[in-house]
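Student: Listed below are the residues making up each chain.
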Amino acid sequence: MTPSSTLDHASAAVGGGNAPSPAGMDRFVYDDAIVRKFAAATVIWAFVGMLVGIIVAVQMALPPALTWEVGGIRPLGWLAFLTNVEYLSFGRLRPLHTNAVIFAFAGNAIFAAIYYSTQRLCKARMFSDTLSKLHFWGWQLIIVSAALTLPLGITQGKEYAELEWPIDLMIAVVWVGFFGVNFFGTLSRRRERHLYVALWFYIATIVTVAVLHVFNSLMIPAGIFKSYSLYAGVQDAFMQWWYGHNAVAFFLTTPFLGLMYYFLPKAAERPVFSYRLSIIHFWSLVFLYIWAGPHHLHYTALPAWASTLGMLFSLMLWMPSWGGMINGLLTLRGAWNKVASDVVLKFFVVGITFYGMSTFEGPMLSIKSVNALSHYTDWTIAHVHAGALGWNGFMAFGMLYWLMPRLFQTPLWSKKLAGTHFWIGTIGILLYIIPIYASGLTQGLMWRAFDESGLLKYPDFVESVTAVLPMYWLRVAGGLLYISGVVLCMLNMAMTWRARPTVYEEPVHTAPRLSEQYSDEAPPASELYANLEAGKKLDVLVKGFWHRVWERKPLKFTVLVFLAVAVASLFEIIPTFVIGSNIPTIASVQPYTPLELAGRDIYVAEGCYGCHSQMIRPLYAETKRYGEYSKPGEFVYDHPFQWGSKRTGPDLQREGGKQSDSWHVLHFNNPRQVNDRSIMPAYPHMLTKPIDFDGLTARVRVMAMLGVPYGQAVLDGKAPEMAREQAAAIAKSIAAQGGQADLGDKQVVALIAYIQRLGTDISKPAPVAAPAAKVAQTAPAAKTVRPQ
Amino acid sequence: MRLSDIMSRVDLTVWPIAALVIFVGVFIVVARRAFARSPSENERAAAMLLGDDAESM
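Residue numbers (this note's numbering), protein chains in the order written: chain A, 1 to 788; chain B, 1 to 57.
If you are wondering where the hints come from, they were derived from the structure by calculation, not from laboratory data. Heads up, some of the hints might be wrong.
To be verified - Listed below are the simulated SDA-like cross-link pairs for lysine to any residue, each with C-alpha atoms no more than 25 Å apart in a straight line:
hint: 1; chain 1: A; residue 1: Lys-266; chain 2: B; residue 2: Leu-50
hint: 2; chain 1: A; residue 1: Lys-536; chain 2: B; residue 2: Trp-15
hint: 3; chain 1: A; residue 1: Lys-536; chain 2: B; residue 2: Arg-44
hint: 4; chain 1: A; residue 1: Lys-556; chain 2: B; residue 2: Phe-27
hint: 5; chain 1: A; residue 1: Lys-556; chain 2: B; residue 2: Ile-28
hint: 6; chain 1: A; residue 1: Lys-368; chain 2: B; residue 2: Ile-28
hint: 7; chain 1: A; residue 1: Lys-537; chain 2: B; residue 2: Val-29
hint: 8; chain 1: A; residue 1: Lys-624; chain 2: A; residue 2: Ser-660
hint: 9; chain 1: A; residue 1: Lys-368; chain 2: B; residue 2: Trp-15
hint: 10; chain 1: A; residue 1: Lys-646; chain 2: A; residue 2: Pro-470
hint: 11; chain 1: A; residue 1: Lys-658; chain 2: A; residue 2: Ala-621
hint: 12; chain 1: A; residue 1: Lys-556; chain 2: B; residue 2: Arg-44
Given only the sequences and the hints, what does the whole structure look like? Please build it.
Tutor: Quick look at the structure:
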């Protein structure tokens, strides 16, 4: 940056710092204050999100270690609160960890990148300083709201979309109203006609995340902190993973590719390797990613055609992903000597390498036969963390180290410390992912192992849990190393900030305004002769002149991105929703009773889906272990679906009737009472907290609005009455089995009612011409057969 | 006749094939466009960010 005069504060405020000058040149200053805010928030939330990650990692390994004795004392005994305190249970903290790392850490990092690079690529200050501030503080408010509500069990129960509807509304307003308007407003005021490739990735991010968030979050509120998804069962699962996979694509990939395309050439001081490749891999990525979601649902009740389609597009996705990686790494051609001495480039090189590895592994995991082994295991966890810690984390830290001296206008406090961060971070990632890959393979192979007589070799699920505990401790060590690097980054940033000048210099930039008389060059002529006019037009179209025009016109470019995403989405969504044969109905499947619904809400609130699936795949090892495979028609009343994506504990789809009610009471109170090797958290609060009977009417009514045939249960007072009646029967049964008495109004009874119902409908006879209205009324009495 | 009835009578394999055809079409057009662009235009676009801080007065 050249020495410069500064625009005084008053003139900077005029037109958001875009002050005209008489010579036809605009004078403007960039808003770096907002970038400093987002950069600081990035490291703070990185620490918080990863600290919660360390806690949940410890929770998974801890229960057996609580009783370790050294010289007569239990050194880890004091950590028992991590296994039995309601607000710290794994199921509630795990979504807090994922949301904090994705939306708080990575989110603030991409905002810092976008706010810094967009202004410079457009040669314009951000459209509105007010919108910038509203965006920053609004986003932090969303994060704080998540941090407060998730430990309280306030959740929609859909992975990476857990936040309840008031926060969802805030996200929509902040993302579209503040961020989107500010970004596109800046594009409209730009002084550089061409939109650099980084901006394309930002446009795709903003448009697609808005579409994904809105459509996946459609719900009906049943209270200020409770709602039910508009979709049910198979369709809900489809929408969720359409969202979930594309959250990875358009929140953790495209903005970071934009970041790469800006900050890597800047750090390497050379242009990107191939602009051509960037065009091809951008459009291929945007077009292909949106189809790939169903690969998260292989062998589930999702129709096979959708699953296969997801697999095919996932495999094709390998090419554009590697196009990005190759373009990144080859940008360093002739500059590899710089990597040895520049810590920023070190972070970028390792980050891009992890991107390449993750985007090779992703398509591989989408192959059905590979997925049959990897799904529900820790393999997925290792895959995700290679991407998050390696790609997202290292790209963010590389960018921050490049930005720090520029934002704080003073040299980085310690390059050596940054180098230490790089090395302990790299070792930390490896120490995390290698044991967890081993853990995933161990789980997958143990679950499908048979002995010589054709029986499951490890019939007790807990054997596979115990086998991987050493790997879980290694993961804790890897995580501690990685977060130590984050602490060093925070220290470096704080000390660099302390050395800042008393007043930041605000260089004034000049650039000519875009001419209003500008007209695009004439389209090329067709080189075809003796062809129809239509053929010549097609020839001109294929020459791609239109793309060059679109690159200069953000509105058209944005519309095209939207079309690519929308067309691809609708090709999967419409058939899934409207073809009746996708979800054959099962006459014996009936709505949950009001008490079971209350129990299901507790299951959702506690995040049980984080460790237990409810989806038995049609694989021999699974049907042998769990029972009849899951059918699409079994989930038609599940708002939201609870299939889960990980089996830290066993599948629960056919759990109903397998254990007695009193067994469940003991199990929820302290799982170690019935299985001393269990690592499940204890839920003693469920034995003391009352069921919200009175709130059931509103919940049943919302379910009825969603099409669940609750009949007379929606009448005033009916649902609570039915629930109390069923709860009393279960409490009586528990007492009769020698269990604790007086549990008739406690949450544990509602949860037991739900668990005992799971997967049992399919073996019941179909109701004979029973009107829907009667079904919910009679359900409590119908569920009496339980092996004791 | 509802949309559901119409859709249910369409062979399901149409959808993935149509999806692939659309993708291949878009890919060809984009690739053609990328390679039709002049090298100098690409070089200018790729280098535009390297001088974005150097125009202050």
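Student: If a hint holds in the structure, say so; if it does not, say that too.
Tutor: Outcome of the hint check:
Proposed proximity of Lys-266 (chain A) and Leu-50 (chain B) is supported: the alpha carbons are some 6 Å apart, at most 25 Å. Distance hint between Lys-536 (chain A) and Trp-15 (chain B) is unfulfilled; the C-alpha atoms sit about 30 Å from each other, more than 25 Å. Of the supplied pair hints, the one linking Lys-536 (chain A) and Arg-44 (chain B) is violated, its CA atoms being roughly 30 Å apart against a limit of 25 Å. Proximity of Lys-556 (chain A) to Phe-27 (chain B) is assessed by CA-CA distance (about 19 Å); at most 25 Å being required, the pair is judged to hold.
Restraint check for Lys-556 (chain A) and Ile-28 (chain B): satisfied, since their Cα atoms lie roughly 20 Å apart, inside the 25 Å limit. Between Lys-368 (chain A) and Ile-28 (chain B), the direct Cα distance comes to roughly 28 Å. Violation of the 25 Å bound is thereby established for this hinted pair. Between the alpha carbons of Lys-537 (chain A) and Val-29 (chain B) the distance comes to roughly 14 Å, so the proposed pair stays at or under 25 Å and holds. A C-alpha spacing of about 21 Å is found between Lys-624 (chain A) and Ser-660 (chain A), which places the hinted pair at or below 25 Å, so the restraint holds.
Only pairs whose Cα atoms come within 25 Å are accepted, and Lys-368 (chain A) paired with Trp-15 (chain B) is accepted, the gap being roughly 20 Å. At roughly 19 Å between alpha-carbon atoms, Lys-646 (chain A) and Pro-470 (chain A) fall within 25 Å of each other, so this suggested pair holds. With a C-alpha separation of about 19 Å, the suggested pair Lys-658 (chain A) and Ala-621 (chain A) falls inside the 25 Å cut-off, and the hint holds. This hinted pair checks out: Lys-556 (chain A) and Arg-44 (chain B) have alpha carbons roughly 22 Å apart, not beyond 25 Å.
Violated hints, in rising order: 2, 3 and 6; the structure is consistent with all others.
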